[in-house]
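K.L.:
Residue numbers (the working numbering), protein chains in the order written: chain Y, 1 to 268; chain G, 1 to 342; chain U, 1 to 342; chain W, 1 to 225; chain B, 1 to 225.
Simulated from the structure, these hints should not be mistaken for lab results.
Be aware that a few hints might be false.
Simulated pairs of lysine to aspartate or glutamate, EDC-like, Cα-Cα distance not exceeding 20 Å [what the hints assert, rightly or not]:
no., chain 1, residue 1, chain 2, residue 2
1, Y, 97, W, 188
2, G, 320, U, 215
3, B, 82, Y, 24
4, G, 76, G, 63
5, U, 320, G, 63
6, G, 53, G, 5
Covered by chain W, per the in silico footprint, the following chain Y stretches (three or more residues, Cβ under 8 Å) [unchecked claim]:
no., segment
7, 142–151
8, 167–178
9, 185–194
Listed next, with one range per pair, are the computed distances between beta-carbon atoms [unchecked claim]:
no., chain 1, residue 1, chain 2, residue 2, range
10, G, 299, U, 10, 37 to 43 Å
11, W, 29, G, 106, 28 to 34 Å
12, W, 18, Y, 45, 53 to 59 Å
13, B, 194, Y, 252, 19 to 25 Å
14, B, 171, G, 9, 57 to 63 Å
15, G, 110, U, 240, 41 to 47 Å
16, U, 74, G, 289, 37 to 43 Å
17, W, 18, B, 81, 45 to 51 Å
18, B, 171, Y, 93, 37 to 43 Å
19, W, 18, Y, 134, 42 to 48 Å
20, B, 79, U, 63, 34 to 40 Å
Glycine residues also receive a C-beta, built at the ideal position from the N, C-alpha and C atoms.
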Amino acid sequence: SGGGSAGSSGSAGSLDSSQADPVELTVFAAASMTETIDQIIHLYREEAPNVTILANYDSSGTLLKQIREGADCDLFISASPTQMNALDGSLKDDAEKNPDGLDMINSQTRIDLLENKVTLAVPKGNPKGIGSFDELSELLKSGDVLLAVGNSDVPVGQYTLKLFDYYGLDEAALNGAQVLTYGSNVKEVTTQVAESAVDCGIIYATDAFSEGLEVVDEATQEMCGQVIYPAAVLRGSAHSGEAKAFLDYLRTEPCAQVFESVGFTMMQ
Amino acid sequence: MLSVDIQKRLGDFQLQVQFETGSSPLALLGASGCGKSVTLRCIAGILRPDEGKIILNGRTLFDSAGHIDLPPQRRKVGYLFQQYALFPNMTVRQNIAVAAQKGRRKETTAELLRRFHLEDVAEHRPSQISGGQQQRTALARILSSEPEAILLDEPLSALDLYLRRQLEEELRCALTAFSATSVWVTHDQGEACRSCRQVCVMESGAAFGARPMEEFFADPVSVSAARLSGCENLVGAVPRGTEVEIPLWGITLRRAAPAAPETTALGLRMQHLRLAREGVENSFACSVVQSAPEAFSDLLTLRPLSAAPEAPLLHMEAEKGRWAAGDLLYVSVAPEHVLTLR
Amino acid sequence: MLSVDIQKRLGDFQLQVQFETGSSPLALLGASGCGKSVTLRCIAGILRPDEGKIILNGRTLFDSAGHIDLPPQRRKVGYLFQQYALFPNMTVRQNIAVAAQKGRRKETTAELLRRFHLEDVAEHRPSQISGGQQQRTALARILSSEPEAILLDEPLSALDLYLRRQLEEELRCALTAFSATSVWVTHDQGEACRSCRQVCVMESGAAFGARPMEEFFADPVSVSAARLSGCENLVGAVPRGTEVEIPLWGITLRRAAPAAPETTALGLRMQHLRLAREGVENSFACSVVQSAPEAFSDLLTLRPLSAAPEAPLLHMEAEKGRWAAGDLLYVSVAPEHVLTLR
Amino acid sequence: MDWFPLYNSLRIAAISTAAVFILGLFSAYYVAKLPRLVKGTLDVLLTLPLVLPPTVVGWLLLLLLGPRRPLGAWVLEVFGTKMVMTWWSAVFATVVVSFPLMYRTARGAFESFDTTLSDAGRTLGLSNTYIFWRVRMPFCREGILAGMVLSFTRALGEYGATSMIAGYTPGRTATISTAVYQFWRTNDDVSATRWVLVNIAISAVFLLAINLLESRDRRVRKGGR
Amino acid sequence: MDWFPLYNSLRIAAISTAAVFILGLFSAYYVAKLPRLVKGTLDVLLTLPLVLPPTVVGWLLLLLLGPRRPLGAWVLEVFGTKMVMTWWSAVFATVVVSFPLMYRTARGAFESFDTTLSDAGRTLGLSNTYIFWRVRMPFCREGILAGMVLSFTRALGEYGATSMIAGYTPGRTATISTAVYQFWRTNDDVSATRWVLVNIAISAVFLLAINLLESRDRRVRKGGR
Ligand SMILES: Nc1ncnc2c1ncn2[C@@H]1O[C@H](COP(=O)(O)OP(=O)(O)OP(=O)(O)O)[C@@H](O)[C@H]1O
Ligand SMILES: Nc1ncnc2c1ncn2[C@@H]1O[C@H](COP(=O)(O)OP(=O)(O)OP(=O)(O)O)[C@@H](O)[C@H]1O
Ligand code: MOO
Ligand SMILES: [Mg+2]
Ligand SMILES: [Mg+2]
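So that you can see chain Y by itself, here it is in the shape it has in the complex (with noise of 0.2 Å):
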């Protein structure tokens, strides 16, 4: 890749970019933010047009395997802070979050970056006519409904799990109940609550988005908490000062209406 100047590694952020070396910058993004990412790659190329973004697109979970086992990745933003404490050097002594003690992340630039919402999903005309969490709750605990969640790797799975809590349910025993089903991934859960092939399911509202799934009710920030998406440099990056660059970009006022009009919220 763009690794001609080898020099360039401490010429932090000369955004005067028109004369600057090309630089590529490889960016590991949630699967979630594919057309949006998309779009700002689009956008920024006018931006810094020595600077080609390369984007890899997989769930959160991949993407935190891929870095941890020596990817090449200058940028990355996850679907949720689990994967990226997971690298963050920081939270060295948190066992919980960050078990393998991994130092990946470049502390100082991370950012909550975007804000989603989980909502509950149901297929059109809403056969079980499920209103809210609280009816699916009560449904849950009778035993009568077919939920699809994200299992805990897909992000949104998390948040069921707290939504869960929050409702005094137990996950065990929904399995006993078998009135769960675990998605590999989120098309899966939005196509089988699309198709019906579920009574409901848990999504993110970016999701439903972009699926045009009826969405009934929406959680609440003490019922599973925010839903963040951080971003950081990685300390392995050729070029951490382009990449600091791209990541302030994505804070812009441009990129914002981009991530809005697909259901996100931009965080502070």
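Following the hints, position chains G, U, W and B with the ligands against chain Y.
P.N.:
Coordinates of chains G, U, W and B with the ligands only, in the frame set by chain Y:
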């Protein structure tokens, strides 16, 4: 009653066969590659003739004009494949039983195993038995399906002499007992002659009608038929009334009857040649070129004294051990044994 | 010089073979299933004998004691498989060329195609040629590899009579020209006799040594060997000095020499039987049971008048058309032609 | 440890292997007889599931069988059951995904069949069905066994399409491979590895059984014509 | 439309089919000769990639080839390149995933080979190599072609392991199937369908080519002994 009249093209090989046969076996005699196997395949329904008719005991098996083409299963024609085609996954017993009638499968099979000397290898697979045993199994399997007609593609070629005699006899009896129509492909005129009353000669794809066996031996008509009938000495000839001239040998032989004007060749069977004294009718001088031993005689290769260098040599049998290369002798043939051919 | 002394067990079949042969072809004669093909396979290196030694021209091909077991490629032994084993994906020409020496592949191939009458089908695949053509291709292929020894597993069985004679001669010449050791498996004593000076008789897996061909015909020693030598009439017998008694036929025949005390049977060759008048030496009365036509004679099946009901019948050839069932006649045999067997 | 995924996977793999065996065999048999062009087209269609990501195959199946689609709606109406999110929905997924393996392998085997044998059978009056099962099948045994091994193990390993159409509900639709995937995803490497080992054990047993079948008759086949 | 995934998929599928062809053939040939027990064990090992979810296979590959693991570190040191997240990393994924298909099919074909033919070749002095390529291979042609079809199409359709080890970076590591998956996932059904059609077209061309090869020599094989 089997009546066949078919045409079939295979690449640049053209088959045209026409014959009828009754309940006595018909010998289909022809050189290697002349189309015998292809003919049988057409009758059995494995190959589809391009044109023609096949009728067996009044049932039309195939008729290109009437768009009739019975599947092999409904033809009731047993076919002994030249290369056996035994089912490799079944034992000898199973191979035979598979085609037998449901009700008396067991007895039929046991009987055929006995008859074909296969009891010892009944539980072997085809790959575990010898070539001859394989062929006997294939034979037994066909008989167990009780066909209306049996086609035998060189049924005895892989057998040793002793078994061959026995099986030939067995087969003859079996064919008579079933009183089935049968066609016996062979290139052994001895076999043909012993087992069949009728013979159909096939020559590079063409066969026209069956003839009685005796007639065939007495007057093979064509050079290739003479060859098939076992006539060893064939040489170009020119008819001259009741004589025939053999320009290559520089001699003239007398015949019992006038030679047909189409005559182009002459045949002399080994067993009709006699050692003679000079001056005997139809005798001519020869020198011995080679003397090869047979079991109980010597096979002499002779050159007629007046023969051209490129002329074919003459073969005859003689008493063991009396002749050496270079010896001179006289050979004679009776006028009725001078075969004129086209 | 090929010397073979091996043992091999296959299921419940036990092979024990031992013979030596020089540069003249050896005939391996045996009934179907006696182990001829297995023997050849051991020599070629396709099967591994359990024990023993195989030596060709001083080279040890196999020695169980010395742990020598050359791969087939280094044995230089050509093997004509009973079922040809042609490469189905190659044309006739390619099949032959594949084994020829690099330098003169083209000429060798062309020469062999011509010699074996395969020029017309040179570009055909094995599936497109007749059985006989396949066998000739296999033969040509072996000769093209110029082996030191040639094993022929019934090389002529699929050929018609005319081609068989020709090829037999070709083969004899080829074998002489290459001056290669060769073993010729056959069940046709005629073929064996014409082509080989030595014969090794094989009997249910066992073969011990080769004998000169004449000796084998003059004194086959055992019943099965007599059968293989083409002796049609075999019957139990008891030696009585220079005479042998045949209890089943109720007669006694005189021999030229005293019969060995181990004698248990007696063989009479068809061609040694003569029609005789009453009272001639070694003559006995028979009634005609059946008369079957051969091409130029009739095959008579006779019952000696004093024979027991279960006794074997007697076969002899006689002039065509003179005999009918029920006729009475006298048969005689010269004392030197009475074969005593064990 | 909850053994349900084992039980579920086994029944799914067994049913689907049986179905694929029949379907693959007959498609191979009949397609091999068709004219070249039709054969080519069918070949493409029948091999299709192999070139699509399994998740997409599952999605297409969901679009076909979902209760809002005509077929699914009809089944729901008549039998009162959804065709998705049940344990046997997974059979659709595994059948579709492993079908090409059986089909292709059987076709390869059938095409090397020596037709003289079936000709012989026909002249002996044996029905085409008998010849198919008792002559052609044993003759093509190795190829067909290879196809069965491939389809069985593929069915056992299938997760993309299965998880899409049957979901992963522990105790109801979980299979070994969806379990492996879920455990692996949630970093429960111990459980994941345990189920991987179970899967390996099953395939090992299956492969060894097939190997025995193969070698029992190998010798017999050689040169048996 | 950016045609990079087509180009990338083709080169990956081609390289991996070639590799799998060689590897599968030789494993099949040598394994078939081994004693039954060893053979059984190897069979299980070599068929393994079929029973694991491809994503897990990809993960295992990542663990093996990643630049922090011994092998990956060595390659990085010596060749200065990482073995993951490049276009050719995908070749590892497709080779591992499609290997069992070639291996099994070739083994099936080899085991129905008539050994008389190789015996004949050996007595004619032909080298084992020659016999392998010029006698055994043409004889087993149908089975081996079936194996190649299966491995090529599988390589073309592979996405689970590929996306794990090579990622999905448009213009660098994107293949047709990861593209299909990503477009499908982001609800860009038009692009997804377009790429599905491209994949189908490639397999169609490939399958038709194979069909031609097959039928050219079919007739010739029948009864050719
Ligand atoms: N499929 C085919 N395609 C083209 N030609 C063929 C085909 N099958 C046979 N032939 C040709 O047809 C001719 C007759 O073959 P056939 O097998 O009938 O001979 P045959 O008389 O049985 O000879 P043999 O006594 O040697 O078995 C041969 O010249 C052969 O080359
Ligand atoms: N693989 C095997 N397993 C068990 N027995 C076998 C095997 N191969 C051959 N035999 C047995 O060995 C014996 C000899 O077979 P072989 O093929 O050598 O006979 P042959 O003398 O060549 O007979 P033919 O003249 O009929 O070809 C037969 O009885 C056969 O049943
Ligand atoms: O985009 Mo995600 O990491 O699959 O929610
Ligand atoms: Mg023939
Ligand atoms: Mg034999």
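K.L.:
Hints first: check each against the structure and report whether it holds.
P.N.:
Structure-based check of each hint:
The suggested pairing of residue 97/Y with residue 188/W holds, with an alpha-carbon distance near 16 Å, which does not exceed 20 Å. The suggested pairing of residue 320/G with residue 215/U holds, with an alpha-carbon distance near 15 Å, which does not exceed 20 Å. Proximity of residue 82/B to residue 24/Y is assessed by CA-CA distance (about 16 Å); at most 20 Å being required, the pair is judged to hold. For the hint linking residue 76/G to residue 63/G, the alpha-carbon distance of about 17 Å falls within 20 Å, and the restraint holds.
Restraint check for residue 320/U and residue 63/G: the C-alpha separation of about 43 Å exceeds 20 Å, so the hint is violated. Using a Cα cut-off of 20 Å, the hinted pair residue 53/G and residue 5/G holds, with the two alpha carbons roughly 5 Å apart. Figure legend: the segment 142–151 of chain Y, annotated as covered by chain W; annotation consistent (3 residues with Cβ-Cβ distances under 8 Å, at least 3 required). Note: the segment 167–178 of chain Y has 3 residues with beta-carbon separation from chain W under 8 Å; the three-residue rule is met and the coverage holds.
Coverage of the segment 185–194 of chain Y by chain W holds. Counting CB-CB distances below 8 Å, 5 residues qualify, and the rule asks for three or more. In this structure, residue 299/G and residue 10/U meet the distance hint of 37 to 43 Å, their C-beta atoms being roughly 39 Å apart. Taking the beta carbon of each, residue 29/W and residue 106/G are about 32 Å apart, inside 28 to 34 Å as hinted. Between residue 18/W and residue 45/Y the beta carbons are some 56 Å apart, a value that agrees with the proposed interval 53 to 59 Å.
For the pair residue 194/B and residue 252/Y, the supplied restraint of 19 to 25 Å is violated, since their beta-carbon distance comes to about 33 Å. A hinted range of 57 to 63 Å for the beta carbons of residue 171/B and residue 9/G is consistent with their spacing of about 59 Å. Distance hint check for residue 110/G and residue 240/U: the Cβ-Cβ separation is about 42 Å, which falls inside the suggested range of 41 to 47 Å. Range check, residue 74/U to residue 289/G: about 41 Å between beta-carbon atoms, so the 37 to 43 Å window is met.
Separated by about 48 Å at the C-beta atoms, residue 18/W and residue 81/B satisfy the suggested range of 45 to 51 Å. Our hint of 37 to 43 Å for residue 171/B and residue 93/Y holds, since their Cβ atoms are close to 40 Å apart. As the Cβ distance of residue 18/W to residue 134/Y is approximately 47 Å, the hint placing it in 42 to 48 Å holds. One distance hint, 34 to 40 Å for the beta-carbon pair residue 79/B and residue 63/U, is violated here, with the actual separation near 52 Å.
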